[in-house]
Amino acid sequence: AQSVSQHNHHVILSEAASLELGCNYSYGGTVNLFWYVQYPGQHLQLLLKYFSGDPLVKGIKGFEAEFIKSKFSFNLRKPSVQWSDTAEYFCAVTLYNQGGKLIFGQGTELSVKP
Amino acid sequence: DARVTQTPRHKVTEMGQEVTMRCQPILGHNTVFWYRQTMMQGLELLAYFRNRAPLDDSGMPKDRFSAEMPDATLATLKIQPSEPRDSAVYFCASAPPRDTQYFGPGTRLTVL
Numbered sequence: 001a002q003s004v005s006q007h008n009h010h011v012i013l014s015e016a017a018s019l020e021l022g023c024n025y026s027y028g029g030t031v032n033l034f035w036y037v038q039y040p041g042q043h044l045q046l047l048l049k050y051f052s053g054d055p056l057v058k059g060i061k062g063f064e065a066e067f068i069k070s071k072f073s074f075n076l077r078k079p080s081v082q083w084s085d086t087a088e089y090f091c092a093v094t095l096y097n098q099g100g101k102l103i104f105g106q107g108t109e110l111s112v113k114p
Numbered sequence: 001d002a003r004v005t006q007t008p009r010h011k012v013t014e015m016g017q018e019v020t021m022r023c024q025p026i027l028g029h030n031t032v033f034w035y036r037q038t039m040m041q042g043l044e045l046l047a048y049f050r051n052r053a054p055l056d057d058s059g060m061p062k063d064r065f066s067a068e069m070p071d072a073t074l075a076t077l078k079i080q081p082s083e084p085r086d087s088a089v090y091f092c093a094s095a096p097p098r099d100t101q102y103f104g105p106g107t108r109l110t111v112l
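Listed in order, the protein sequences are those of chains A and B. Here the first sequence stands for residues 1 to 114, where the numbers follow this note's numbering. Here the second sequence stands for residues 1 to 112, where the numbers follow this note's numbering.
Don't read these hints as lab results, they were simulated from the structure. These figures come from a predicted structure and were not determined experimentally. The reader is advised that the hints may include incorrect statements.
Claimed, not checked - Listing some non-contacts, in silico: residues in chain B with all C-beta distances to chain A over 12 Å:
#	residue
1	Gly16
2	Thr20
3	Ala72
4	Gln80
To be verified - What the simulated footprint calls covered on chain A by chain B, stretch by stretch (three residues with Cβ under 8 Å from a Cβ of chain B suffice, anywhere in the stretch; the number is not a length):
#	stretch
5	41 to 54
6	100 to 106
Claimed, not checked - Derived pair list, reagent style BS3-like, types lysine-lysine, alpha-carbon separation capped at 25 Å:
#	chain 1	residue 1	chain 2	residue 2
7	B	Lys62	A	Lys101
8	B	Lys78	B	Lys11
9	B	Lys11	B	Lys62
10	A	Lys101	A	Lys49
11	B	Lys78	A	Lys101
12	A	Lys58	A	Lys71
Quick reminder that beta carbons are idealized off the backbone N, C-alpha and C, glycines included.
Sequences are here, hints too, so could you generate the full structure?
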């Protein structure tokens, strides 16, 4: 079965530290890839997405992600985190030609210390 | 700024009662999804519709849950009878054809 795996359950960083959250998926076909963020008590918001083209995609709030097809990975990065980035981050995959169903990873909780 | 809306935002009910949650998708989005989020299970897809037709409801407990789209502007998720284990945040999301899902604010359900 297709799955999405996020490497870290909880990451704790100090402000200005660099961030990298890992995401791997298991599916050999064409995929669309997403990162969503959920701030405490709020709904999921789209950070960035990859459908095709340049594998390095830039999203909102200074986030970026790189799609490496050979590694089935779509890691999220930010060079310098802020306290306001404290949230839960979800990687998700849509299997192309399968109805747009999102398969989510289990989420990574990011805590940024001021 | 178009958004998915959900009502109610919070619902507290007693075990055995019927619960109805409503979702208004973004105008022009033809696909609507229902998710449930809990600490233990994370985000689970319950059901989804395209052009108002149910495509997949395999994630939904059939005996007590039902999902419908009476028209293109309204999706409903009903639980009857509700149980404490149904306590969760229920999210609706909508998407245009072959594109990104946008999530609503969720309904936080507590079943006592």
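Results of checking the hints against the structure:
1. Gly16: 28 Å, holds
2. Thr20: 20 Å, holds
3. Ala72: 17 Å, holds
4. Gln80: 25 Å, holds
5. 41 to 54: That given contact holds, which follows from 6 residues of the stretch 41 to 54 of chain A lying within Cβ reach (below 8 Å) of chain B.
6. 100 to 106: Three-residue rule met by the stretch 100 to 106 of chain A, so holds; n is 5.
7. B:Lys62 with A:Lys101: Cα-Cα ~19 Å, so holds.
8. B:Lys78 with B:Lys11: Holds, at roughly 13 Å.
9. B:Lys11 with B:Lys62: 21 Å, holds
10. A:Lys101 with A:Lys49: 15 Å, holds
11. B:Lys78 with A:Lys101: With a Cα-Cα distance of about 21 Å, the restraint between Lys78 (chain B) and Lys101 (chain A) holds, given a limit of 25 Å.
12. A:Lys58 with A:Lys71: Measuring from Cα to Cα gives roughly 20 Å; hence the hint holds.
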